[in-house]
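Q: Got chain A; can you put chain B with the ligands on it based on the hints?
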Amino acid sequence: MTDNWIEVANADSIEMEDLIRFDHGDKTFCIYRIEDGYYATDGMCTHEAVHLEDGLVMDDEIECPMHQGIFNIKTGEAVSPPACEDIKTYPIKVENDLVYINIS
Amino acid sequence: MNSNKISIIGAGQAAIYAAMEIRKLDDESSITLYGDENYLPYERPPLSKDFLINKKKEDEILFFNKQFFEDKKISFVNKKITKVDFKNNILTSYNDDFLYDKLLITTGSTNRKLEVNSQIDNDIYYLRNLDEAVKIKDKALKVNKIAIIGGGFIGLEIASSLNQLNKEVSVIEISNQIMGRIIPAPIANLVKAEHEKYGNKIYVDSKINNIQKTDEGFKIILENENIIEAEIIIAGIGSMPSISLFNNTDLKLDNGILTDEYCQTSIENVFAAGDVTNFYHPFFNTRLRLESYQHAQNHGINAGKNIAGIKTEYISIPWMWSDQFNLNLQLTGHCDEYDEVIIRGNTLENGIIHFFIKNNKILGACGLGLIGKVGRDIRIASKLIEKNIVVDKKILLDQNTKLNKLMKN
Ligand SMILES: Cc1cc2nc3c(=O)[nH]c(=O)nc-3n(C[C@H](O)[C@H](O)[C@H](O)COP(=O)(O)OP(=O)(O)OC[C@H]3O[C@@H](n4cnc5c(N)ncnc54)[C@H](O)[C@@H]3O)c2cc1C
Ligand code: FES
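Just so you know, the sequences run in chain order A and B. If you use our numbering, the first sequence corresponds to residues 405 to 508, in order. If you use our numbering, the second sequence corresponds to residues 9 to 417, in order.
Careful: at least some of the hints might be erroneous.
Said to hold, decoys possible - Covered by chain B, per the in silico footprint, the following chain A stretches (three or more residues, Cβ under 8 Å): (1) 452-466; (2) 470-482.
Unchecked claim - Take a look, some chain A residues computed to stay more than 10 Å from chain B by CB distance: (3) Ser417; (4) Pro485; (5) Asn500; (6) Tyr504.
Unchecked claim - Restricting the straight-line Cα-Cα distance to at most 27 Å, the calculated cross-link-like pairs of lysine-lysine (DSSO-like) are: (7) A:Lys492 with B:Lys209; (8) B:Lys80 with A:Lys492; (9) A:Lys492 with B:Lys74.
Hints were generated in silico from the structure; no laboratory data involved. Note that the structure is predicted; figures quoted are calculated from it, not measured. Backbone N, C-alpha and C define an ideal beta-carbon position, used for all residues, glycine too.
Chain A extracted, bound-state conformation:
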């Protein structure tokens, strides 16, 4: 459903191997830029209620700043404990240098 794409930010405004936080309504997300492109996940860690915006992006993984739980950015898979519940991922597209997320 194309009309569910929401504009997030300028593609350039996210540094390589980095992420930004994106809030929409009462929801919060992380938008990543890695070598393979742009990706999006839920903002909060699935272990405790901590935002991943301050986490460390390494290759295609995000590491939580609280207890070092690690998630795969592309699949949402919890790859290292204490995180054991996967994180939700969302489709992303880049058009005319703008990043869009589909949260439907």
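A: Relative to the frame of chain A, chain B with the ligands by itself:
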């Protein structure tokens, strides 16, 4: 692969991660955890934090549920092991004997007990396990004034939690600084100020002279003649490795069970991991005994690999955290000697990190900030330590430059 009977004494964090790793690599052997607590392995950090303030319940702190144990064919036996016969590979629990081929010991630590006088010693609360956390929680609900003896991480976390339950909390610390000497004094002072901001009283340089029972509870008399009144007393004065079971055996002990970099003890086919070990760390070329979540997990995983026959060195860089009020403190590395301290940042909002430097390399780092604010930089510090990277101090100092840059040099 040969099928072995693999037994684990102590069903805590190191045990469950070892068991999982063994199962990943070996589908044949039997794996049995013997634990003296009537719970499946659970996380201890919430005991002094979210569990005390009712933000997390018992079933939310289990590492894995019953189904997981069934799926992975990992047995949990709720029995205390009372004797180990290393010559004949027999574990004894009172009248029951169990045979093993390979043994892993993960008995953790035991709290040090306060000895003041026989009238009050048995009335003091301690926190190491879930049953004790329940007791403290139940009792704390009924009282108002609480004294905590010992200003270490666990004592201070309990103080922070009880404050959030609107209790009047006093913390009594014998030395001149909370959290011990490994924490830089400016950081310890910020944590103290946070407690005081919320109304906790923190007494440093305070040695206890005596404790008397009163109608309301206790009167704690300090050597400097200060008197602190409390309805209950909780002590957090450090811990020792749980090794009494092995005192008259061939197992080599010295401030814990001695293990090499492969979690191997002095006895063949006997391994140990977690809090109970005094292990050789090849990177720092020294022995360490650590009490931390990350260590228990990674050391357990390492033991699992070695038990399953995949010889693997343990080289994980130490890391731990403490949460008090809205602050998150993190420590990484190991440094007994450094020649310089570089401080990055000066507000709790953005995080403050002290890097301990020797020969232009980071040996350790300690950070304090609002929740989430120091994790990334501390994590990068761990990586810089591990990779032995010479760092550009200007970048370390400048909070506007991301530390990732140092990784790429
Ligand atoms: C209140 C509290 C808060 C903490 N907070 C943090 C934190 O914020 N950050 C951090 O990094 N670390 C923290 N820790 C430390 C961390 O939880 C421990 O380092 C970790 O649990 C150690 O794991 P372990 O497997 O070595 O031992 P444990 O998890 O302690 O497991 C040992 C188990 O063995 C059992 N056992 C002992 N002897 C026998 C026997 N003879 N027979 C059968 N069973 C036996 C014990 O009862 C226990 O269940 C905290 C610890 C506590 C107690
Ligand atoms: S809050 Fe993210 S790993 Fe614990």
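Q: Confirm or reject each hint.
A: Evaluated hints:
1. 452-466: As far as the region 452-466 of chain A goes, the hint holds, because 7 residues have Cβ atoms under 8 Å from chain B.
2. 470-482: Holds: 3 residues of the region 470-482 of chain A have a Cβ under 8 Å from chain B.
3. Ser417: holds (15 Å)
4. Pro485: violated (6 Å)
5. Asn500: Per Cβ check, A:Asn500 is outside 10 Å of chain B; nearest 28 Å; holds.
6. Tyr504: At roughly 26 Å from the nearest Cβ of chain B, A:Tyr504 sits farther out than 10 Å, so the non-interface label holds.
7. A:Lys492 with B:Lys209: violated (43 Å)
8. B:Lys80 with A:Lys492: With Cα atoms ~26 Å apart, B:Lys80 and A:Lys492 stay inside 27 Å; holds.
9. A:Lys492 with B:Lys74: holds (25 Å)
Going down the numbered hints, you'll see the structure goes against 4, 7, while the others check out.
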